[in-house]
Structure formats: structure tokens, C-alpha cells
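For chain A, the structure is supplied; the task is to place chain B on it using the hints.
Number of protein chains: 2
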Amino acid sequence: MIIGGGGMVGQKLAQALTRSAKIANHEITSLALADAASPADIAEHSSFEIKKVVADITNPVAASSLVVDKPDLIFHLAAIVSGEAEANFEKGYAVNVEGIKNVLEAIKATGNGYKPKLVFTSSVAVYGGPYPDVIDDDFHLQPRTSYGAQKAIAELLVNDYTRKGFVDGISIRLPTICIRPGKPNKAASGFFSNILREPLVGIEAILPAQKSATNIFASPRSAVGFLIHAASIDAASLGDNRALMMPGVWGSVQDEIDALRRVAGDEVVSLIKEQIDPVIEKMLTNWNFPRFTSAKALLLGFKSESTLDQIIQIHIEDELGGRITGLTK
Amino acid sequence: MIIGGGGMVGQKLAQALTRSAKIANHEITSLALADAASPADIAEHSSFEIKKVVADITNPVAASSLVVDKPDLIFHLAAIVSGEAEANFEKGYAVNVEGIKNVLEAIKATGNGYKPKLVFTSSVAVYGGPYPDVIDDDFHLQPRTSYGAQKAIAELLVNDYTRKGFVDGISIRLPTICIRPGKPNKAASGFFSNILREPLVGIEAILPAQKSATNIFASPRSAVGFLIHAASIDAASLGDNRALMMPGVWGSVQDEIDALRRVAGDEVVSLIKEQIDPVIEKMLTNWNFPRFTSAKALLLGFKSESTLDQIIQIHIEDELGGRITGLTK
Chain A
6 MIIGGGGMVG
16 QKLAQALTRS
26 AKIANHEITS
36 LALADAASPA
46 DIAEHSSFEI
56 KKVVADITNP
66 VAASSLVVDK
76 PDLIFHLAAI
86 VSGEAEANFE
96 KGYAVNVEGI
106 KNVLEAIKAT
116 GNGYKPKLVF
126 TSSVAVYGGP
136 YPDVIDDDFH
146 LQPRTSYGAQ
156 KAIAELLVND
166 YTRKGFVDGI
176 SIRLPTICIR
186 PGKPNKAASG
196 FFSNILREPL
206 VGIEAILPAQ
216 KSATNIFASP
226 RSAVGFLIHA
236 ASIDAASLGD
246 NRALMMPGVW
256 GSVQDEIDAL
266 RRVAGDEVVS
276 LIKEQIDPVI
286 EKMLTNWNFP
296 RFTSAKALLL
306 GFKSESTLDQ
316 IIQIHIEDEL
326 GGRITGLTK
Chain B
6 MIIGGGGMVG
16 QKLAQALTRS
26 AKIANHEITS
36 LALADAASPA
46 DIAEHSSFEI
56 KKVVADITNP
66 VAASSLVVDK
76 PDLIFHLAAI
86 VSGEAEANFE
96 KGYAVNVEGI
106 KNVLEAIKAT
116 GNGYKPKLVF
126 TSSVAVYGGP
136 YPDVIDDDFH
146 LQPRTSYGAQ
156 KAIAELLVND
166 YTRKGFVDGI
176 SIRLPTICIR
186 PGKPNKAASG
196 FFSNILREPL
206 VGIEAILPAQ
216 KSATNIFASP
226 RSAVGFLIHA
236 ASIDAASLGD
246 NRALMMPGVW
256 GSVQDEIDAL
266 RRVAGDEVVS
276 LIKEQIDPVI
286 EKMLTNWNFP
296 RFTSAKALLL
306 GFKSESTLDQ
316 IIQIHIEDEL
326 GGRITGLTK
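Heads up: the sequence lines are chains A and B, in that order.
Quick note on my numbering: the first sequence kicks off at 6 and runs consecutively.
Quick note on my numbering: the second sequence kicks off at 6 and runs consecutively.
Excised from the complex, chain A in its bound form:
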């Protein structure tokens, strides 16, 4: 089951599972895509049943209904993204904290030895400064956004429900997903994608922050890879702290622009227009991430891109049919 199966990562994960038809050496016999609104159809032909479920996880009864068929593996991706969680405090807590609590409670209430694997997507937003030069896996969490606080709380819940034996949980802290396809969403970090995605198809993009702003990136393809790998490993080796920072590519906005120039040329880069947004700037002050070691995740076999050029190439392959359409000649 994918909770949040209608979202960008959820849809890509569903496609990947449909193509492979197995996960962790198990044949997939059915897949349920759950979301607050009806998820889109998966284009690929699948060898197993795909069920679509509309459920509002902020409602405990709806959350309970999700686990009546006792899925062996649950990906919990459903979330209110950072910008929206900051703007709508109640909605953020309702979905990002109460939502996962309701799902965990529903699993616990099932009983009879039901103990599914739960892969929860946390975020690099659980971190906050001041930072050391390099952040290791034991760096403390000081979230500076409601989204980050909600993800940190959810990690604590996943750890505690796991420790008590109710679920077999793992929380993966995703880097900023880049290049996020489709339309801009309400994630405050969205511009890191926008300034690459829009110019690649010939559209101007606003850069609302300084070029010195840094972040840690992974492609949507890597995000799906992280999720599938997290479902495949034995999380018991992590002990009681089931949260892991994923690997990614560290870089500044300037590094992104340089990579875009190398991959697509000056004409595409010229479509980036600078226009500072103070709200975005403020959220960025808290997020100006240094490098992460992601030592545990690397040791466990999680893999990301190693350059921003690769991240751009993957977008061109996966979303643009291999062609940069933003060039006039």
C-alpha cells in the first residue's frame, strides 16, 4: 500500500513497482494506492491488481479502513509540504502528525500478530542550524519550520511504535527532490527545481533566493530507489533509531546554474530571473545545509546521484523524452 499514492513520488513508486512486479524478492500480488483524492491511473500494464482508495488519514476511522486488508508493506508518503504546513499550522499537524499517528494506531489495533513493514518519508527539514561543517548521522534535530517539527515528531512515533513491536518501521529523510516534475507545488524549496525545470522547456523561472543558498538534492528516481531499498533491507540492524538521512548531491544555487549551463547551454540559463522573496529567504536561513555524511545510509546500500549534472540528465531522460525542448535552435 502506498499512502499518498496520488502524489508525485507515490505515482512514480507505483510505476516502478508495476514494472518490477516484485519487491524485496517477493512477488507483488496487489497494490493499493491511497490518497485524500483519487490517485491517477498507472499507465503501465500490471501483472497484479491495483486498488485505488480514497481516505482522509486525519480521520481515525478512515485510517483504520486502510489496513483492513492487512498490507504487508506500507509506504507512508502522505504529507502537507513545507510551505503549506508553515502557512496552515492546523492542517500541517493534522496530516503530518495526526495522520501518521492514526495509521500507526490502526496497525496496532489490528493485532493478531499483524506487524507490517512501514517505510515513512521524513525530510532533511528535521534539521536546523547552527550547523557544523559536515552533518553526521548523530547530529541533533532542531527543526525551524512546522513541517520539520512534524516530521521529527513522526520519526519519534515510528521509532516508539517499532520499539514496542507494533510495526517494523523505517524513516528515510529525503533530500530536496530535484528536479521535481510538473507544476510548482507549495514546498518552500520548490524553486531549486523550478530554476532548472522551466528553462529546460523554454519557460522563464524566478530565482527567489541568493545564489549562495545551498541544499542537498536527489532526483525523483533516487527517491523511488530509496523507498524500494528501505522496504528491502532488514531495518532491525538500525536498532531503536529507525531514522536515516539519505545520501544526495550537495550544492548551491550557483552550482545548479553551472550544471544547467554545462548540460543545456547559455540560452537555457538566461531564462532564470532573479527576484528575491523575503518569505522564502527566511525559510532558507534555517535550511542552509552543509554536507551530510549519510554514513549509515551509504553503508546500508542507499544510492543517489553524485553530481547535479546527473540530476538534470535524469530529468531530461525521465520527463522530457531525452530532449531539451527549451532551445530555440
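Any given hint could be a false lead.
Taking lysine to any residue pairs in the SDA-like style, the calculated list, with each CA pair at most 20 Å apart, reads [to be verified]:
#, chain 1, residue 1, chain 2, residue 2
1, B, 169, A, 88
2, B, 17, B, 78
3, A, 96, B, 301
4, A, 287, A, 91
5, A, 287, B, 263
6, B, 278, B, 301
7, B, 169, A, 93
8, B, 301, A, 134
9, A, 169, B, 88
10, A, 216, A, 169
11, B, 169, A, 286
12, A, 96, B, 241
13, A, 169, B, 210
14, A, 17, A, 51
15, A, 113, B, 99
16, A, 301, B, 134
17, B, 113, A, 75
18, A, 169, B, 91
19, B, 120, B, 263
20, A, 96, B, 278
21, A, 287, A, 88
Don't read these hints as lab results, they were simulated from the structure.
Note that this is a predicted model, so its numbers are computed, not measured.
The following block gives chain B in isolation, referenced to the frame of chain A:
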């Protein structure tokens, strides 16, 4: 207002406030003691009104009723203790997480510029190993009990509601309170007090763990001092992370026994009987704390005892009228 005003620390805090009649250079004009059951009377004569309120904070309506009079200062001490929170998972989350969330929501809902100071008692139980030799203020939280997870979640809530301007919060992580007066409670760390308290009045006490078990201690008098000091300082200097590990005396069970021998003699020490309890032992494996720097708290002027001998002497002064009654001669 003291939420949890019927508890041991709540009662001692109420007594101290009654004696001083002021806090942070403000005259106290009224004090409300709120608890799930009616709090005991405060013996001392008070120069201001003391109101007793029975309210179950797990009920949002009851939590709202607490702030109708808009107290300027709220001490949030109400909690299900560690042993009980581990045994009763639902009750622990209801009181230790939903309870404080309801109080924070009630404050937020009041609006009209109402932004009280909130002093929340967190706990050293938010920590979990593996530990370095000395734990500094930036050491990450890996709670290994539901109680510790609940306190860590509550800290995140206090930080986020503070960051958003709904409340002026500060979370103080209390060391193990020792010597806890009265009857043993359901705190798993209770025996650290029992083995001192009971022999001092001539009663045998069970030592359920190894003498090598270490912990960090502060007297009830220090706990009250921490709370009053936390209410008195400008917490804004802490920035967005409003949680502070309090100072305390680090020592092993053997150190406790040695101190008891120095203060009260062999006869009193002979009343300690060793009898390992595997449940307590297991919780202790997670808590075998090294020393803490408590650097931020010391810098801000928080003060604790510096020896276990002082901790025992304070108990004799405050609880036993200055006499060791456990001696036969």
C-alpha cells in the same frame, strides 16, 4: 497556574511560591493548582488567592477551561511517569503528548495577544545511547522509552508553538529527582530514591539493579529552583530551541551508597537489599547516563547540588525535620 499542581514537585513549587509571594520580580496575585484529581491544600498562609481546579487535560474542552483566566505564567508538570507510560502506552500518549498539545491549543485559541510564559518539565529520559563520554547540549535525542519519546515530542511542540508566537515556552530536562519523598511511584528510576529514603527512616529498601548503574540526580528543592529560575529568565536568548538539560549530580548506585554511609552510617546502609528486577534492568540499559555538561543551563544561572551527600542532607532537612530516624541508637 501549575498544571500538575497535585504532584510532588507541583506541591513543593506551590509552597515555594506561597512563601516568596513573587516570581521574576512580579508580585503573585493568584495561583491556580490544576490536576486530574483535587490537589492537596498548601499548608502555608498565602498573601494571594489559591484556586484549585480539577481538569483532565486529555480532554480539549477541559484544557481550554484552564486558560479562561489567562494566567501569565503556566508551569506544565502534569505527566504519566516513565514506568506507567511504558506499561500503559495509550495513557502515556494521551497525557504526555495530547495533554500538552491541548493546553498549547487552548492558549493559541485564546488569541487577542495572549502569550503566556510556559515552563514545561521535560526529562533526561529524552536521551538514549550509545553515549559519548560526556553529553553536551547538542547531543541528539534517541529516547528508548515511550516516556522519553513523549517528552521529546512535547519539546518539539513547545518549540514550534513558541517559534510561531503562540506561547513563550521553555522546556527543562529534569535529572532524576532524588530523594523523591513519600511513597514509591511508578517511575522506573524510583529505586534511586528508595534505597536512600527508606533506610533513613529505618525501613529496608530493595535495590533492583546493579551498583554500577549510573544516573544524574537533583533534589526536589533543586527541581523547584529550576522551575522558578526558568520562569524568571528571558527564554528568547535560547532562540528556537527552547529545551535545556538541567545540571545535576552524576553518580552510580555505589556512589549513592557511599554517600549514604558518610551521611548516615553503616547501620542505615545495611537496610539496602539487593534483588535484581529484569524489567528495571532493561530500562536502565537505555539510561546508563554519562555526565552532562549542561553548559547552557549553567550559563543561564540554573543551579543544582554538587554532591550526593548534599542531596541526602537536603532530604533530611526538608523531609525528616533534620533528623535521621532510621538509627536504633
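Verification of the hints:
1. B:169 to A:88: 14 Å, holds
2. B:17 to B:78: 17 Å, holds
3. A:96 to B:301: Violated, at roughly 34 Å.
4. A:287 to A:91: 12 Å, holds
5. A:287 to B:263: 54 Å, violated
6. B:278 to B:301: Since the Cα atoms of residue 278 (chain B) and residue 301 (chain B) sit roughly 39 Å apart, the hinted pair is violated (cutoff 20 Å).
7. B:169 to A:93: 11 Å, holds
8. B:301 to A:134: 16 Å, holds
9. A:169 to B:88: Within the cut-off at roughly 14 Å; holds.
10. A:216 to A:169: 46 Å, violated
11. B:169 to A:286: Satisfied, since the Cα-Cα distance of roughly 17 Å is no more than 20 Å.
12. A:96 to B:241: 27 Å, violated
13. A:169 to B:210: The hint is violated at about 30 Å.
14. A:17 to A:51: Holds. Residue 17 (chain A) to residue 51 (chain A) sits at ~14 Å (cutoff 20 Å).
15. A:113 to B:99: 16 Å, holds
16. A:301 to B:134: Satisfied, since the Cα-Cα distance of roughly 16 Å is no more than 20 Å.
17. B:113 to A:75: Violated: residue 113 (chain B) and residue 75 (chain A) sit about 39 Å apart, past 20 Å.
18. A:169 to B:91: Judged against 20 Å, a Cα distance of about 9 Å means the pair holds.
19. B:120 to B:263: 47 Å, violated
20. A:96 to B:278: Roughly 54 Å separates the two Cα atoms, so the pair is violated.
21. A:287 to A:88: Distance of about 12 Å is within 20 Å: holds.
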